[in-house]
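The chain contents come next:
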Amino acid sequence: MTNKQYQEYATKRSETSPCIINCIKAFITGGLICMIGEAFKQLYLYLNIDSDTSLLFASLSIILLTAISTGLGFFDKIARFGKGGALVPISGFANAITSEAIESKSEGLITGVATKMFTIAGPVIIYGITASIIYGLFYYIFIM
Amino acid sequence: MNYLISFLIGGLLCIPAQILLDKTKLTNARILTLYVVVGVILGGIGVYKPIADFASTGATIPLTGFGYTLSKGVKEAVESEGFIGIIKGGLIATSTGISFTLFVALLTSLFCKSHTK
Numbered sequence: 001m002t003n004k005q006y007q008e009y010a011t012k013r014s015e016t017s018p019c020i021i022n023c024i025k026a027f028i029t030g031g032l033i034c035m036i037g038e039a040f041k042q043l044y045l046y047l048n049i050d051s052d053t054s055l056l057f058a059s060l061s062i063i064l065l066t067a068i069s070t071g072l073g074f075f076d077k078i079a080r081f082g083k084g085g086a087l088v089p090i091s092g093f094a095n096a097i098t099s100e101a102i103e104s105k106s107e108g109l110i111t112g113v114a115t116k117m118f119t120i121a122g123p124v125i126i127y128g129i130t131a132s133i134i135y136g137l138f139y140y141i142f143i144m
Numbered sequence: 145m146n147y148l149i150s151f152l153i154g155g156l157l158c159i160p161a162q163i164l165l166d167k168t169k170l171t172n173a174r175i176l177t178l179y180v181v182v183g184v185i186l187g188g189i190g191v192y193k194p195i196a197d198f199a200s201t202g203a204t205i206p207l208t209g210f211g212y213t214l215s216k217g218v219k220e221a222v223e224s225e226g227f228i229g230i231i232k233g234g235l236i237a238t239s240t241g242i243s244f245t246l247f248v249a250l251l252t253s254l255f256c257k258s259h260t261k
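Chains A and B are the protein sequences, given in the same order.
Position 53 (the first sequence) corresponds to 53 in the numbering used here; numbering is contiguous.
Position 90 (the second sequence) corresponds to 234 in the numbering used here; numbering is contiguous.
Calculated from the structure, these hints are not laboratory results.
Be a bit skeptical, because a hint or two may be false.
To be verified - Taking lysine-lysine pairs in the BS3-like style, the calculated list, with each CA pair at most 27 Å apart, reads:
hint: 1; chain 1: B; residue 1: Lys169; chain 2: A; residue 2: Lys4
hint: 2; chain 1: A; residue 1: Lys116; chain 2: A; residue 2: Lys105
hint: 3; chain 1: A; residue 1: Lys105; chain 2: B; residue 2: Lys257
hint: 4; chain 1: A; residue 1: Lys4; chain 2: B; residue 2: Lys167
hint: 5; chain 1: A; residue 1: Lys77; chain 2: A; residue 2: Lys105
hint: 6; chain 1: A; residue 1: Lys77; chain 2: A; residue 2: Lys116
hint: 7; chain 1: A; residue 1: Lys25; chain 2: B; residue 2: Lys232
hint: 8; chain 1: A; residue 1: Lys25; chain 2: B; residue 2: Lys169
hint: 9; chain 1: B; residue 1: Lys257; chain 2: A; residue 2: Lys116
hint: 10; chain 1: B; residue 1: Lys232; chain 2: A; residue 2: Lys77
hint: 11; chain 1: B; residue 1: Lys169; chain 2: A; residue 2: Lys116
hint: 12; chain 1: A; residue 1: Lys116; chain 2: B; residue 2: Lys232
hint: 13; chain 1: A; residue 1: Lys77; chain 2: B; residue 2: Lys167
hint: 14; chain 1: B; residue 1: Lys257; chain 2: A; residue 2: Lys77
hint: 15; chain 1: B; residue 1: Lys193; chain 2: B; residue 2: Lys232
hint: 16; chain 1: A; residue 1: Lys25; chain 2: A; residue 2: Lys77
Unchecked claim - Here are the simulated distance ranges between beta carbons:
hint: 17; chain 1: A; residue 1: Leu109; chain 2: B; residue 2: Ile236; range: 24 to 30 Å
hint: 18; chain 1: A; residue 1: Ala10; chain 2: B; residue 2: Ile189; range: 24 to 30 Å
hint: 19; chain 1: B; residue 1: Val191; chain 2: A; residue 2: Ser106; range: 42 to 48 Å
hint: 20; chain 1: A; residue 1: Gln7; chain 2: B; residue 2: Val191; range: 39 to 45 Å
Said to hold, decoys possible - A partial selection of chain B residues facing chain A, derived with a Cβ cut-off under 10 Å:
hint: 21; residue: Leu148
hint: 22; residue: Asp166
hint: 23; residue: Val184
hint: 24; residue: Ile195
hint: 25; residue: Ser215
hint: 26; residue: Phe244
Where is the CB? At the ideal position from N, CA and C, for every residue including glycine.
Build out the structure end to end from the sequences listed, making use of the hints.
See below:
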């Protein structure tokens, strides 16, 4: 094994293990966020709200918690630990929008905050809607 | 039991994103977009509904759930209103989440300062 080969081997090995650890962290973080959501859902069910609305409220509660913790700078710490785990739940979406909004405050409320909010929300909403319209067309033509 | 299922499914859904983050150069925005589109597709072909029924918050809180809601909204709107439902359904179903996120984000930005510097 030449030096170069060894170096390639070494970097490869050192890349794999962080990925696995990161995956475990992401699993735990994402799981916990969903579990908090579940706790909210159970709370709303307990308050006699029907199950569909409880699910919706659970998502909204996570959004609210994320926005507040982003504002307080606390969510960054969760995101640094959980990475993908903090990104995938609705918290990632809420955090992306909120942090862009806060950081672009100096550029003004209209051209700064309101515009920058959509740097991440925009693609998500646009491609989500596009996909849903394509699906709707298929559904309308082939199934209805 | 509900908590455990929610934890497991929610956690599992995060792993592909982590692998993409580590192994590719995809940015957060791309991964989120990918998740939503995948959610629409999985919802459309009927794979996601059983998962959502089984895991509840574990499947609806991850962004694939957002995509699933889009597809579900379109499907229901097409069934009840026909052609116009194709355009209407998606945003109607997801309107609460989108409006609330934007509103809360704006409010937060008014009250909080940037922490990055």
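Hints and how they fare:
Between lysine 169 (chain B) and lysine 4 (chain A), the direct Cα distance comes to roughly 24 Å. Compliance with the 27 Å bound is thereby established for this hinted pair. For the hint pairing lysine 116 (chain A) with lysine 105 (chain A), the CA-to-CA distance comes to about 9 Å; that is within 27 Å, so the pair holds. Taken as a hint, the lysine 105 (chain A) and lysine 257 (chain B) pair is honoured in the structure, with Cα atoms around 8 Å apart against an allowance of 27 Å. Only pairs whose Cα atoms come within 27 Å are accepted, and lysine 4 (chain A) paired with lysine 167 (chain B) is accepted, the gap being roughly 22 Å.
Proximity of lysine 77 (chain A) to lysine 105 (chain A) is assessed by CA-CA distance (about 21 Å); at most 27 Å being required, the pair is judged to hold. For the proposed pair lysine 77 (chain A) and lysine 116 (chain A), the alpha carbon gap of about 22 Å is at most 27 Å, so the pair holds. Annotation: proposed proximity of lysine 25 (chain A) to lysine 232 (chain B) is violated, straight-line Cα distance about 38 Å (limit 27 Å). Note on lysine 25 (chain A) and lysine 169 (chain B): the hinted pairing holds, with a Cα-Cα distance of about 19 Å set against a maximum of 27 Å.
Of the supplied pair hints, the one linking lysine 257 (chain B) and lysine 116 (chain A) holds, its CA atoms being roughly 16 Å apart against a limit of 27 Å. Among the hinted pairs, lysine 232 (chain B) with lysine 77 (chain A) is inconsistent with the structure: their alpha-carbon atoms are about 38 Å apart, more than 27 Å. Restraint check: the Cα-Cα separation between lysine 169 (chain B) and lysine 116 (chain A) comes to about 22 Å, which is no more than 27 Å; the hinted pair holds. With a C-alpha separation of about 26 Å, the suggested pairing of lysine 116 (chain A) with lysine 232 (chain B) holds against the 27 Å cut-off.
Taking the CA atoms of lysine 77 (chain A) and lysine 167 (chain B), the gap is near 22 Å; set against the 27 Å cutoff, the hint holds. Taking the CA atoms of lysine 257 (chain B) and lysine 77 (chain A), the gap is near 16 Å; set against the 27 Å cutoff, the hint holds. As the CA atoms of lysine 193 (chain B) and lysine 232 (chain B) are separated by approximately 21 Å, the hinted pair is consistent with the 27 Å bound. For the given pair, lysine 25 (chain A) sits about 13 Å from lysine 77 (chain A) by alpha-carbon distance, which is consistent with the 27 Å threshold.
Judged by the Cβ atoms, the range 24 to 30 Å given for leucine 109 (chain A) and isoleucine 236 (chain B) holds: they are separated by roughly 28 Å. Look at alanine 10 (chain A) against isoleucine 189 (chain B): about 43 Å separates their beta carbons, and that is not inside 24 to 30 Å. Judged by the Cβ atoms, the range 42 to 48 Å given for valine 191 (chain B) and serine 106 (chain A) holds: they are separated by roughly 45 Å. A beta carbon spacing of about 43 Å between glutamine 7 (chain A) and valine 191 (chain B) agrees with the range 39 to 45 Å that was offered as a hint.
Residue-level restraint check for leucine 148 (chain B) holds (minimum Cβ-Cβ distance to chain A is 8 Å; threshold 10 Å). For aspartate 166 (chain B), the shortest C-beta to C-beta distance to chain A is roughly 4 Å, which falls under 10 Å, so the interface hint holds. Annotation: interface hint on valine 184 (chain B) holds; nearest CB of chain A at approximately 4 Å, less than 10 Å. At a threshold of 10 Å, the smallest CB-CB gap from isoleucine 195 (chain B) to chain A is about 12 Å, leaving the interface hint violated.
Interface hint status for serine 215 (chain B): upheld, as the beta-carbon distance to the closest one in chain A is roughly 5 Å, under 10 Å. Because the closest C-beta pair between phenylalanine 244 (chain B) and chain A is about 5 Å apart, less than 10 Å, the hint holds.
Checked against the numbered hints above, the structure violates hints 7, 10, 18 and 24; every other hint is satisfied.
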